[in-house]
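Novice: Single-letter residue listing:
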Amino acid sequence: MAGFDKVVSSYEEAMAGLEDNMTVIAGGFGLCGIPENLISEIKRKGTKGLTVVSNNCGVDDFGLGILLPDRQIKKIIASYVGENAEFERQMMNGELDVELTPQGTLAEKMRAGGAGIPAFFTATGYGTPVAEGKEEREFDGRHYILEEAIKGDFAIVKAWKADRYGNLVFRKTARNFNPMAATAGKITVVEVEEIVEPGELDPDQIHTPGIYVNRLILGTFEKRIEQRTVRSDS
Amino acid sequence: MAGFDKVVSSYEEAMAGLEDNMTVIAGGFGLCGIPENLISEIKRKGTKGLTVVSNNCGVDDFGLGILLPDRQIKKIIASYVGENAEFERQMMNGELDVELTPQGTLAEKMRAGGAGIPAFFTATGYGTPVAEGKEEREFDGRHYILEEAIKGDFAIVKAWKADRYGNLVFRKTARNFNPMAATAGKITVVEVEEIVEPGELDPDQIHTPGIYVNRLILGTFEKRIEQRTVRSDS
Amino acid sequence: MALSREQLAQRVAQELQDGYYVNLGIGIPTLVANFVPEGMEVMLQSENGLLGMGQFPTEAELDADLINAGKQTVTMAKGASIFDSAESFAMIRGGHVDLTVLGAFEVDVNGNIASYMIPGKLIKGMGGAMDLVAGADNIIVTMTHASKHGVSKLLSNCTLPLTGKGCIKKVLTDLAFIEIKNGKFYLLERAPGVSVEEIISLTEGELVVEGDIPEMKF
Amino acid sequence: MALSREQLAQRVAQELQDGYYVNLGIGIPTLVANFVPEGMEVMLQSENGLLGMGQFPTEAELDADLINAGKQTVTMAKGASIFDSAESFAMIRGGHVDLTVLGAFEVDVNGNIASYMIPGKLIKGMGGAMDLVAGADNIIVTMTHASKHGVSKLLSNCTLPLTGKGCIKKVLTDLAFIEIKNGKFYLLERAPGVSVEEIISLTEGELVVEGDIPEMKF
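Protein chains in written order, with this note's numbering: chain X, 1 to 234; chain F, 1 to 234; chain W, 1 to 218; chain Y, 1 to 218.
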């Protein structure tokens, strides 16, 4: 079964082939469901000039934010980039190219990239700065703009469980952008909390089929919480 | 919890409001995962002039095929319409308008209809009869055609299990077009083999969230097999 | 008296209906969940991939894998479902959410809304706001009627970069409940004790006042 | 001797690689699954929503909810996954399937393929064939080289309605294995005992024969 066994044994191996100026699509929303160790490996490698596609850019010392101090990110395509002082500094100084993209459009652009859809129309962003330079068209009396797909040289993904074939299961809202990211990478690398044998996952309950996954690695995760909100136990 | 309880108690109630000349989107592939009792109810009602969107049109005496003898279907949008003598007769005589649509394009048109995407580009069908009258465009040196979304006045869906809120779980390849159909109906009606209480389904394992479902009915199913192929037990 | 944050939320809650799927933005909209009328059930959609958001977790329930669109830890209500971001915005963009409530910096008489960016000052991104205003039919914008310095936020033309064009029909401010149609604001209700004159003076865009304007009821 | 159906399948199977995700069309392509080389694993994609198709079921295993794209009852292989039709064609259209094998009525020197319709005779629809030929980089078409009456099916221009334009690069017929490039057919291999002359005579489109053409090995 060697052919479908996607498991690699080191993070170095997991991110092998990542080169300067590549495009990396990352799953995660805020700090939830981010491929934290794959990001750390990119920091360790010191790869530069990256275009990163991710809903957010982490915080100053966690998530994609850790790639900022060494200026590893040249450009980021994201929907929301608050909560990060170094990010703001680089953006304001023009050291970092930021392409703000509506969250739903971003998700759909990743899905389209993986699904062989080069472009689609959406009402989102019509008449706003997002529409600048994009084709506009009416369907049934409503206005839409044309948005193009996004593909990455690498996609980095965090799942909960996987079998060795790369079939993935996500947990709660840590799913978010991860399934779309997984489809849109030329090389898709996934880190997970548990790896089981093929056949152990219910085929009806697999969120991402292994066909999208090239490399799989078992990790341990900090899972930092960005907004810790609790109620009293009463 | 009345507001989210989607369960109705009769097939009459399930299909109430279906009128002549409406568009009905149906889940199912071949005879697998078809909403067989909802189709029977349409036959019983005698609704005429329907535009039906479904991958196939059943066989002569089962599935959507049973709507043919009384000429209830005016037009069908499908990818494959073999195995049905009455269908062929009506099509050849020009009594039935058939819009052949590639299977993947059909699935994506339904998804787009439910997802607020009025149109998308696909390479499928470029340079073929399917492309006639459609816009063509190049992206990165490849040719694509523009396909528009499909929406229905009704969507009829077969799922395996549901909770009373309309959260759906499908079983094996009976899933097929059902999840997309469910998103694309103004009124989405679902028949299932089992209804459980809200909270009994694992939120991570729901295939179709209840927000897409308007009516839910418990049914019993013949589940006819179109191509019974078995191997010996050895 | 201008409405408090709680009163704003309370008034919005009067627009809820039993069985509504609702998306509540960050800030005042979030408070609406506290005022769902007795005997009524609504289900909260969180655009990061959760339908059926519950209350905040206890310490024991705290789960880093379960957050809302504001990145706060939450729980799931009974009958909740989880999905990916593409599915979540298919729901939103496809018009399946019954009511969306969100804040704004400015709205104008043409239903334009500006809510995500102040050039040179605040550039954090639109998150899901552009999808929410473009996808929903039924949107209530909650905002203060004017700045602390008395500068109206209900304008003839938005001055800030738009979040959406021609998509807002209802605005609830701390002073008034307003409908937008035919390129004008229509005054529907006023906050208790707030005069029509005060509302007129703080509304820069054309405001139509027809007949007696009732006070909001709580 | 022209290849048998089994030999066609056997020759296609030589193009498989360990770890390939493969979509096999109805008919001869389906037989390829029987000739997967020893020690090699491939996973079969069925476009109705199954990755990891197994063999036909026993009577005891028979399940109306588990069929393949030919509507035959099947089983699942270990590590299989199930998904909806949109996801299935996202996989196909997005180029994630490593090899697609399907039949045809005609192909031509420009890589066009006609496989789904004979006007006035056979109008059953394209099913997933148009998506498969448009989405895959690596396609092998299996077909008979000519009709029973000796009419070539390898043409300068397809005469039947196209399934796809410019998307076919490899054709295996009962007589020859052919590559399509630069607007020409290139003869790569011939069936055992079939002469180059016979292939030339039954190929209507321009056929390039360079050097010695080896016989297929089985």
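In short, the hints are calculated from the structure, not lab data.
Some hints here could point you the wrong way.
[Said to hold, decoys possible] Label-pair distances were calculated between CB atoms; the ranges are:
1) X:G94 <-> W:H149: 38 to 46 Å
2) X:K186 <-> Y:N34: 49 to 57 Å
3) F:Q205 <-> W:K169: 31 to 39 Å
4) X:G94 <-> W:K148: 50 to 58 Å
5) X:G219 <-> F:V196: 49 to 57 Å
6) F:R231 <-> Y:E38: 14 to 22 Å
[Stated by the list, open to error] Below 20 Å or equal to it, Euclidean Cα-Cα: the simulated EDC-like pairs (lysine to aspartate or glutamate) are:
7) X:K161 <-> X:E136
8) W:K169 <-> X:E83
9) W:K124 <-> X:E197
10) Y:K121 <-> F:E95
11) Y:K181 <-> Y:E206
12) F:K223 <-> Y:E206
13) X:K134 <-> F:E95
14) W:K124 <-> X:E83
15) W:K78 <-> F:E95
16) F:K134 <-> X:E95
17) W:K148 <-> W:E179
Computed from a predicted model, the values in this text were never measured in an experiment.
The beta carbon of each residue, even a glycine, is placed where N, CA and C say it ideally should be.
Novice: All the hints need checking, so say for each whether the structure fits it.
Specialist: Comparing the hints with the structure gives:
The hint said 38 to 46 Å for the Cβ distance between G94 of chain X and H149 of chain W, and at roughly 32 Å that hint is violated. Take K186 of chain X and N34 of chain Y: their Cβ atoms lie about 33 Å apart, and the range 49 to 57 Å is violated. For Q205 of chain F paired with K169 of chain W, a C-beta distance near 38 Å keeps the hint of 31 to 39 Å intact. A C-beta distance of roughly 32 Å is found between G94 of chain X and K148 of chain W, which places it outside the suggested range of 50 to 58 Å.
The hinted window of 49 to 57 Å between G219 of chain X and V196 of chain F is violated, with their beta carbons roughly 35 Å apart. The supplied range of 14 to 22 Å is met by R231 of chain F and E38 of chain Y, whose beta-carbon atoms lie about 21 Å from each other. Taken as a hint, the K161 of chain X and E136 of chain X pair is broken in the structure, with Cα atoms around 42 Å apart against an allowance of 20 Å. As the CA atoms of K169 of chain W and E83 of chain X are separated by approximately 32 Å, the hinted pair breaks the 20 Å bound.
Straight-line distance between C-alpha atoms of K124 of chain W and E197 of chain X comes to about 43 Å, which puts the hinted pair past the 20 Å bound. A distance of roughly 17 Å separates the Cα atoms of K121 of chain Y and E95 of chain F; the hinted pair therefore holds under the 20 Å criterion. Pair hint K181 of chain Y plus E206 of chain Y holds up; C-alpha atoms about 11 Å apart against a cutoff of 20 Å. Pair hint K223 of chain F plus E206 of chain Y does not hold up; C-alpha atoms about 51 Å apart against a cutoff of 20 Å.
Proximity of K134 of chain X to E95 of chain F is assessed by CA-CA distance (about 43 Å); at most 20 Å being required, the pair is judged violated. Note on K124 of chain W and E83 of chain X: the hinted pairing holds, with a Cα-Cα distance of about 9 Å set against a maximum of 20 Å. Distance check on the hinted pair: K78 of chain W and E95 of chain F sit about 50 Å apart at the alpha-carbon level, beyond 20 Å; violated. The hinted pair formed by K134 of chain F and E95 of chain X fails the criterion: a straight-line CA distance of about 43 Å is larger than 20 Å.
A hinted pair counts as satisfied when its Cα atoms are at most 20 Å apart, and K148 of chain W with E179 of chain W does not qualify at roughly 23 Å.
Going through the hint list in order, the structure does not satisfy hints 1, 2, 4, 5, 7, 8, 9, 12, 13, 15, 16, 17.
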